[in-house]
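Residue numbers (the working numbering): 1 to 530.
Bear in mind the hints are in silico, worked out from the structure with no lab data behind them.
Among the hints, erroneous ones may be present.
[What the hints assert, rightly or not] Using 27 Å as the maximum straight-line C-alpha spacing, the simulated DSSO-like pairs for lysine-lysine come out as follows:
1. K282 x K371
2. K184 x K172
3. K371 x K382
4. K387 x K297
5. K387 x K96
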Amino acid sequence: MHGSGPHTHDEKGNAIVIDPITRIEGHMKVEAIVDGGTVKDARCCGTLFRGFEQILPGRDPLDAVRLTQRICGVCPTAHATASAFSLDEALALVDKIPPNARIVRNLMLGANFLQSHILHFFTLAALDYVDVTALGDYEGTETQLKAVRAFIDRGELGPFFPRYEGDYRCGKQENLALVRNYLKALHIRRVTHEMLCVFGGKMPHNIGIVPGGVTCNVAADSIATFAGKLTDVAAFVEDVYIPSVLMVAGRYGDNFEIGAGCGRFLSYGVFNLDDTCDDATKRGRLIPAGLFDGAGKVNPVETAKITEHVKHSRYDDSCAAAPCEGSTIPDPEKTDAYSWIKAPRYDAAPAEVGPLARAMVGYASGDPTIKADVEAALSTAKLSPDKLNSILGRHLARALEARWICNAMAQWIEQLKPGEPAAVELTIPDEAEGVGMTGAPRGALGHWIQIKDKKIERYQMVVPTTWNASPRDAQGTPGPVEQALIGTPVRDRDNPFEIVRIVRSFDPCLACAVHVLTARGKTVGEYRIV
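Hey, can you work out the whole structure from these sequences and the hints?
The following block contains the structure:
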């Protein structure tokens, strides 16, 4: 291990402690049992209690859209959307949302998807593959690259270090191009935030999405501003983002061979395409909804099949229920519990969510755009469809999804009608309930609300990383990330980059520490990874 921060060895020299993992969102620990060079078992441990389900009861229902955005500063717009959807249903507004409101909501959510996907690959994940030290002999004139080299020369290596050494395969010119693209991505992410602010007012926590529509007036100048910024972002996705992923794929073909998850893929669908259906789960969406088991047909999503297990979660056993009946009662000293994450299950089994799941569902359901694009990318990379269920398959699906969103947004912006309504009036009933299901950048997102005496009586959320990083359920079945880790070969226990790459490919919204153990439970390494 080189340049990876402070570390210690035990008396026998077989324990390395580097703590914690970074370049993901939030706080999580992963324990991987490695024996004979292979991960034999793994556990994902959420290390912080969220508690929003305890904050919301007793509040005005309209507060939910504002407060739930504070769950995450990276994908708050997805929470605003899911919360608004749940209130649209509770207030009987689902089929009354004006076309302008539906489109503006899509545009804001799309902008948030783009910034999150670009952030994930370039800022969080790419440094697992890009050797920044290759700029040590850079002699060009580009100001930003000269600045990076100056950091290297002075030994001021953050944010690029510490890191694992030993598996950087890109050539000098490829590394140079990827670092250049890393720097471009910082600028483009700012542009995506500006796009969202055109209609949402501010970022990260917008004030544009509300039950019944949006708060902004749709004006010609806003449309033109948004469209201009979208042109720049779409060009980046097409000319920089997708080629960068394919460049990495060309050097790391074995990363299409590891990291396969549970093999079941769940999508709630995302980006509404019509305004008429009063059943939100049956609406046409840009990226379709469904449950794909990896072999058979795509089945419709049924909310009644979603449950949460808590046998190995730090919650009271009474919290095991469907989200509409669930509760969130912490039990930090619970026996056999190892995570603050619940274990969501669909039809009693784990399901992976996220860009890969959405691509799998779209591909298997025969969506023409998704199917053609995935096949073209697989052909370029000389891969078969089964290789998508992998580390680099997740990165590729995320990049392609950015393209689909950019293309759709270019059409939606032209469908806006300046001066026409973008919201409807609403009345809070004495009692009501609703479900808001959508997609977040990291996967399927659902909000469940119950109203009593015009106040929030119950509010439950099942977020994407709850699905992916869930602990074992009541039957002892590992969650998707845990399953993706089990069976993974680890070439060097001092540099377990395979484990880190798998975890990061899911883009978990947590912060993690990786512990590598022997099969007998002896710690051989605890790693702090940046």
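For each hint, the structure was consulted:
1. K282 x K371: holds, 21 Å
2. K184 x K172: holds, 18 Å
3. K371 x K382: Satisfied, since the Cα-Cα distance of roughly 16 Å is no more than 27 Å.
4. K387 x K297: The hint holds at about 19 Å.
5. K387 x K96: violated, 43 Å
Of the numbered hints given earlier, the model fails hint 5 alone.
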